[in-house]
Every structure is written in C-alpha cells, then in structure tokens.
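Participant: Hey, can you work out the whole structure from these sequences and the hints?
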Amino acid sequence: MIDENGYSPLEYDDALDTIQGFIRKENGEDTNVSPRSFWGTLARVMAQIAVNIDQNGENVHDSGYIQQATGVNLDRIGGNYSLMRKQAEAASTALTFTGTAGYVVPTGTVFMDDNGNEFYSVDDCQLDANGMGSTIVVSSELGAQYNVDAGTIVNQQSPVEEIDTVTNTDAATGGQDMETDLDYRNRLLLASNSNESGTINGIYTALMNTQGVTAVKSVYNSSATANDSYGNPPKTVHYYVQGGTDNDIANTLLTSGGGGIALVGSKSVNVIDDSGTTQVIYFDRPTETPIYVKVSATVTDSFDQSEGTDDIKAAVEGYIESLQMGETVVTNQFFSNIYAIDGVNYADITIGTDKSKLSTDNINLTAFEIPTIDDNNVEVDYV
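In my numbering, the protein residues as written are 10 to 392.
Note that these hints are calculated values from the structure, not bench results. Warning: the hint list may mix true and false statements.
What the hints assert, rightly or not - Here are the simulated PhoX-like cross-link-like pairs (lysine-lysine), alpha carbons at most 20 Å apart as the crow flies:
{"id": "1", "residue 1": "K244", "residue 2": "K226"}
{"id": "2", "residue 1": "K244", "residue 2": "K276"}
{"id": "3", "residue 1": "K276", "residue 2": "K303"}
Facilitator: Right, dumping it as structure tokens:
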C-alpha cells in the first residue's frame, strides 16, 4: 500500500486475517479456517500469493528511484541522465621486441605476464635491421586485472627463437570491469547534483563519467602570485585521476574544462580541438599503494570455511575500495564488515604496506595516494 509514508509492505499475518475475513463473510462466521481445514489451507495459500504480489509491487515501485533500483532498472534510470553503465573493456599497451632482423611477429601472437594474463598483437611487426620493433597488444579478456605494470609482459605463449626479448615499457591501461550497481548509482547521484560543465563540480562529474576512471582529485591554486603548498604555480589546476586511458582523460578535460585555465601535471597529452588546433593537456596519476591485511579469526560451527574465507576477503577489500584518495586506512573500520559475517566470533586484524611488517596501526596516506588491494594481499587464518 502507498500512502503519505511511502510504500508499506503487506505482512503475511495481515493478509491472512483479511482473506479469512472474506471467507467468513461469504460462507458464514462459523466457517472453519483452522490450518488443517479446507478453507484454512486455501486462505493461507491465497495470503502467500498476496504477499508475493505485493513484494513484486514494491520492487516495481522502488525501481523508479536511483537509491533503490538495481540491474536493468538502474540502467533505465541512467538513460534519463544520458549516462550509460560503464562496460567491461580490454587493456592495451605497446610491446617492444629484440630478435632476428627482418623477422615478422604475426598479428594475433600471444604474450603473457608471469601471472598468466594473455595479450595478443593487433598488427604484424617486422623487426628492423637492428633486430628491434614494437607493436600494440590487447588483453585477451576484459577486466581491470589486465592493467598490468610496466616490464611485466615478458613471456611468449609459443616461444620462437627469432624473438630474444619482449617487454612492455609502459603499464597496460584501459582495462575495466563491468561497473557495479553501487558505482553506477553513485555516478547517477553525482550527475543529479552537478551536470558536466566547466565548473569545479562539473569537471569532477565529467571525469568520473569517463570510461575506466575510478577516482578523481583536484587542486586549485587561486593565488595570483604564489605557489601552493604542493608546489603548483599560481592560477593553475592540477588533476589526479585514477583509471581510464590518458587520451580519454585528456579529451574530457579539453571538452569540459574552462577555456584559458592552465593545467599542470607530469603527464602531457596532445589532443586536437574542434578547430584542428593541437592542445596540450596536463594531469597526473595518483600513487597506488598496495595494502596487506592479515585476519586471524575465531569462528563457530555455523561458519563455512569453504565460502567464509572468500567472504572475509570480500569484507576487507570492500572497505579498502570504499576509501578515497588520501584517506587514512583505519584498522578498526574492518571489524564491522567482518563481524557481519555469520559464524565469525572474534577477529584480530593487522595491516601494512609491507607484507612482512604488519601491525594494528592505521596507515596514513599522502593527499594523492590511493590504497589498492586484491585477494593475494589478504591472508586469513583460523585460530
């Protein structure tokens, strides 16, 4: 039922009372509606059907609101803001080779890092007279896990003697997982507060809407004469952006940034504006700091270790992934997620940026440092 208080779900007992009342009204007040009677059984079946229908009605009602909608319904709300869910993307980078002069590395040749992440070449590459060459490779599957570090793609899937060495001088970028409901919902809420524009909030929205981008921080130095505390020159803006490709970020800043605003940063990307003029866009990447966590847990008989270990790791990673750039990693904040897992009776948690040096101390990050974590960084013991 919908009233001034919103949607009030139908309770089973209320539905049963109503249906029993209808049955007595039609058949007489002395009609037997006890659980094992014909009319009693029918009333209970109809009450459950009524509750199921009402629950579906509540879901339909909630699907019209950003905060409650999920899945396809959330995608449809996003269409009202012209914002689509970010799709999974492949990562790419350039590989350089040394080997036999004149040898052609065929399109589709597969190379790997030590973790088995595969990348294939998208063009033929003929090694020059010095036995050197380079080509672009793309990950064989979609996902953020393929954004591997520089110098890690060093293996041939099917080794040939004509290739001596292979490596990626730059990190692979562009890989992205399908955007979750939580992240997509946050972007829609952001867009409802501030549209993409040349304002501070508008540029933040535009950058967060850029494919692959997961975090943004900006520093505005409005002083006319003095550098700020981070060393940025007067009248400049310094953006720190995690995720996405350099070209996509640069194009977003060109499109949404105000004209005449000086950008600073160690990365410089050339982009072409609508007049055909080359513009140089500057920004930076935050420092990604791996966080290591050890959980020593005491559990009850109801705890399922086969799945519970993954639940504990997910709880740890969920907290880390919720942190913004520069936020402190607080040890005590892990406990609420972990104790919410059925069967966890007690947990002792140590953390650190070095796997061999864990403690209960909080981890203070610099303003442009962002914590990262994966399953391999979380150790779970049972005591």
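Participant: The structure should be examined with respect to each hint, and the outcome stated for every one.
Facilitator: Structure-based check of all given hints:
For the suggested pair K244 and K226, the alpha carbons sit about 17 Å apart, so the restraint of at most 20 Å is met. Simply put, K244 and K276 have alpha-carbon atoms about 19 Å apart, close enough for the 20 Å limit, and the pair holds. For the hint linking K276 to K303, the alpha-carbon distance of about 36 Å lies beyond 20 Å, and the restraint is violated.
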